[in-house]
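Visitor: Could you build the full structure based on these sequences and the hints that come with them?
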Amino acid sequence: MSTTTPRLAGESGKRQSGKGAAGGVTTPPDANAPAQHQPTAKSRHSQRWLAWIFLAPTILGMGLFTLVPIVASVVLAFFRWDIISAPTFVGFDNFSEVVQDPTVRVSFLNTILFVVVAVAFQLGLALALAVMVQEKMPAWLRVFFRSAFFFPLILSAASVSIFMRYLFNEQFGVVNWFLSLVGIPAVPWLTTPGGSAAVVILVYVWQNFGFSFLLFIGGLASIPVETYEAASIDGATGWRKHLYVTLPLLSPTTLVASVMAIISALQVFDQPYVLTRGGPGDSTRTAVMVIFESAFQRLEFGQASAIGVLLTLIIMAITAAQFRLSKRFVFYQ
Amino acid sequence: MTGATDGHLREITRRTALGALGAGIIGATAASWPRLSGTDIPGRGDNSLSIAIMGTAADAAARQRAIDAFTRLHPEIKVKVQAIQAVDWKDFFTKILTMVAAGTPPDVVYVATEGAQLFAEKLAHPLDEYVRRDAADMTEFFDDVHPSLVEAFMYKGSLYQLPMDWNAANMYYNTTAFAQSGLERPADDWTHVDFRNSLAAMRKARTSDFTPYYWTNRLFGGVVPWLYANDTSFLKETKSTGGEWLWDGFYANDPSRGLRSGGYQWLEPNANDDRVFETFDYLRGLVKDGLGVRPEEGGGSSLVGLFASNRIGTTPAGGYWVQGLHEAGMGERDFDVQFFPRWKTQRHQFGTAGYAIMKTAKDKDAAWEWIKFSSSREAMELIFPNPITTPARRSMVNEQLYSGKGPANWKVFYDTLDRFPTTGPIPAPPQQAAVETALMKNVSLAVSGDERQLKQALASMQRDLELALRRQP
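Going down the list, the protein sequences come from chains D and G. Residues 1 to 333 in the working numbering are what the first sequence lists, from first letter to last. Residues 1 to 473 in the working numbering are what the second sequence lists, from first letter to last.
A couple of the hints might just be wrong.
[What the hints assert, rightly or not] Label pairs and their computed distance ranges (CB to CB):
#, chain 1, residue 1, chain 2, residue 2, range
1, D, Leu155, G, Lys78, 37 to 45 Å
2, D, Leu113, G, Lys239, 40 to 48 Å
3, G, Lys455, D, Pro185, 40 to 48 Å
4, G, Arg275, D, Val174, 34 to 42 Å
5, D, Val143, G, Gly404, 50 to 58 Å
6, D, Ile318, G, Asp91, 49 to 57 Å
7, G, Lys80, D, Val174, 38 to 46 Å
8, D, Ala86, G, Lys78, 26 to 34 Å
9, G, Lys80, D, Leu155, 32 to 40 Å
10, G, Val193, D, Ala86, 53 to 61 Å
11, D, Trp239, G, Asp91, 47 to 55 Å
12, D, Val174, G, Asp91, 49 to 57 Å
Keep in mind that the hints were calculated from the coordinates and are not lab data. These numbers were taken from a predicted model, which means no experiment stands behind them. We treat Cβ as the ideally placed atom computed from N, Cα and C, and that holds for glycine.
Guide: Here you go:
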């Protein structure tokens with residue numbers, strides 16, 4: 001057990017095998033280490049306690065606010081509960097009802113389609129802009145672009161969506177006004193299935209690509225200049241450098257960015273909820289919206305939990321698949 | 001932890017003491033777990049009467065005046081009003097339910113028609129015993145309030161709320177837009193055909209940056225007023241028996257006594273009714289011909305600004321709009337209001353709101369005293385000093401309330417109930433949230449495409465409503 005105890009800073013290299021050492025520690029003795037600095041068993045024990053005390057708030061917080069709700073949510077998926085009455089055990093009924101519910105099925109399909117399109121746009125845009133910003137330009141301009149692209153991320157998604165709802169209003173929105181200047185008739189952005197989906201994706205990507213952009217900036221900075229110089233000597237120019245040097249060497253960053261973008265997109269809620277309330281029809285209804293509606297509007301907390309469990313399993317499966325695929329497509333320097 | 005037994009007596013070091021302290025806190029928390037709830041948070045567990053209303057800090061002054069007046073009358077009852085900010089009533093009820101889940105339910109909640117039956121079914125305590133007990137005090141209130149409003153708060157023969165304010169879906173129109181189109185004030189009994197002709201005239205007079213008819217996709221003021229006018233609805237409306245104690249006790253001589261019941265019931269969907277199709281087809285025609293907008297789901301937040309800037313010809317709304325238009329700069333003659341157009345009937349839709357006592361209320365008698373006080377003329381004048389809504393008391397809907405703000409024909413507001421006594425509440429069964437979603441999500445599709453799409457949307461609505469009504473509230 002003691003071999004799994006986290007080492008404290010400064011402890012490394014000072015352990016002695018033999019007397020009093022915690023069982024199983026095989027660090028070779030350091031002949032030059034002064035004897036008075038060797039920690040006794042008692043002090044090591046105290047240090048372990050200290051470590052646990054320092055870790056306790058985090059462990060307690062994680063336990064109370066993450067682990068307990070997760071377990072409670074899974075348990076709740078097997079009950080019918082409306083907050084007001086006592087919960088009733090219903091076995092797998094919630095899961096079978098959820099799977100048969102056409103709205104839930106459509107919302108999951110919408111979510112998957114949303115992830116495919118939004119994440120592709122998000123990563124593509126972020127990568128393209130990161131490469132452009134890394135090109136030669138004045139430092140102040142680079143700082144400006146970095147800030148400008150990251151800025152939407154710090155805004156409230158609900159506020160942005162309310163604002164965008166005004167912009168995309170069919171009759172009085174600024175977007176249609178600009179389109180009218182070039183002779184394009186008013187587009188029913190938020191009242192047709194295609195238009196609504198397009199606006200939700202657009203708003204989501206605009207607000208979220210900044211995070212992927214920052215990751216790519218970091219990834220690009222870590223690629224050695226010598227690699228590009230070697231590629232130049234070999235005759236690579238322009239796009240070929242990016243295709244054969246940037247993309248392969250950036251693949252670990254791309255993996256991280258895509259995992260985070262997909263997990264985030266699978267949980268999209270604010271934008272479709274504020275912009276379209278999931279409509280028209282169910283065209284922009286997402287999995288998390290259905291969880292919210294089930295729990296807080298219809299008081300079906302058991303069903304909401306069942307949908308949540310299914311969504312979690314999907315997220316875990318997709319993430320596992322990404323990491324499995326990464327063995328073939330990700331190159332570590 | 002082999003190091004834990006080194007043969008020496010343990011010394012209580014500072015670290016050990018800290019560890020013990022941490023373990024003690026965790027242990028104490030665990031030991032007291034069954035008793036912990038939101039009320040254990042300091043400041044939440046006192047004995048004051050907790051009242052939840054939908055509102056913002058902006059209404060605080062009027063609210064405080066009412067609280068002060070109540071405290072003068074009942075110094076023994078400490079009142080705490082929580083103004084909860086919400087986008088709409090559904091959002092507000094969600095927050096109340098969250099408070100219930102947290103173990104901090106308010107004692108009294110201001111509930112609108114949208115949630116009246118949900119609260120009556122699950123959360124609220126009936127007022128019957130209190131109304132009977134204080135019948136002498138309540139007679140004056142009921143004399144001043146139209147029975148249609150009271151009936152909206154009857155559920156299975158019991159009364160759960162007293163109406164404080166209400167609004168019917170009347171038709172607002174921009175007088176400038178009407179004048180520019182050569183239109184005069186419509187007749188009281190104008191029809192849906194007259195209405196369409198008016199829209200066409202406005203469209204002809206103003207071709208750009210103007211919408212003759214703006215409507216929203218909501219339970220109130222959306223498609224429902226048109227359905228009511230066409231003598232139908234998207235849910236089959238029935239009434240439960242009971243309630244004679246109230247009607248015979250307070251409305252025995254009312255001309256509409258025979259219409260009154262133990263409360264509305266919406267038990268079955270009705271989206272496949274021919275008149276529902278006819279109504280949607282009419283609205284689809286307005287959209288197709290550029291006379292009306294495609295309604296956004298839950299839209300309406302920008303409506304006041306658009307109407308006040310003369311970019312909307314007509315829109316359904318109630319008395320709650322007057323103050324907003326006044327603050328947006330509209331003069332009292334810049335707009336006016338008329339009854340909703342007649343179709344097969346001229347039955348209107350209304351929504352109302354009032355206080356409900358929660359089943360969990362610690363002191364229900366104190367809660368009733370607050371409700372009784374709030375229903376008094378004195379309190380309602382303090383709470384509704386401006387036309388931000390239509391007061392439930394007929395005597396308060398007067399010249400003074402609308403003076404300098406308009407509309408010229410403000411009498412339309414209360415006349416709606418008197419002239420059309422079958423005027424009914426927003427259809428809101430206990431499963432209101434699911435029902436509203438089923439309606440709203442299909443409306444845009446129904447009015448945006450061809451006839452085939454309309455039929456598909458109504459079939460989808462029927463199916464969604466069946467599912468919604470099957471759910472337990």
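Visitor: Now tell me if each hint is right for this structure.
Guide: For each hint, the structure was consulted:
A beta carbon spacing of about 41 Å between leucine 155 (chain D) and lysine 78 (chain G) agrees with the range 37 to 45 Å that was offered as a hint. Our hint of 40 to 48 Å for leucine 113 (chain D) and lysine 239 (chain G) holds, since their Cβ atoms are close to 45 Å apart. Evaluation of the 40 to 48 Å hint for lysine 455 (chain G) and proline 185 (chain D) yields a failure: the beta carbon distance comes to about 27 Å. Distance hint for arginine 275 (chain G) and valine 174 (chain D): a CB-CB separation of about 39 Å, consistent with the stated range 34 to 42 Å.
Separated by about 55 Å at the C-beta atoms, valine 143 (chain D) and glycine 404 (chain G) satisfy the suggested range of 50 to 58 Å. Range check, isoleucine 318 (chain D) to aspartate 91 (chain G): about 32 Å between beta-carbon atoms, so the 49 to 57 Å window is missed. Roughly 44 Å separates the CB atoms of lysine 80 (chain G) and valine 174 (chain D), a value that falls within the hinted 38 to 46 Å. Our hint of 26 to 34 Å for alanine 86 (chain D) and lysine 78 (chain G) holds, since their Cβ atoms are close to 32 Å apart.
The hint said 32 to 40 Å for the Cβ distance between lysine 80 (chain G) and leucine 155 (chain D), and at roughly 34 Å that hint holds. In this structure, valine 193 (chain G) and alanine 86 (chain D) meet the distance hint of 53 to 61 Å, their C-beta atoms being roughly 56 Å apart. In this structure the supplied range 47 to 55 Å holds for tryptophan 239 (chain D) paired with aspartate 91 (chain G), their Cβ-Cβ distance being about 50 Å. Judged by the Cβ atoms, the range 49 to 57 Å given for valine 174 (chain D) and aspartate 91 (chain G) is violated: they are separated by roughly 27 Å.
In summary, the numbered hints that this structure violates are 3, 6, 12.
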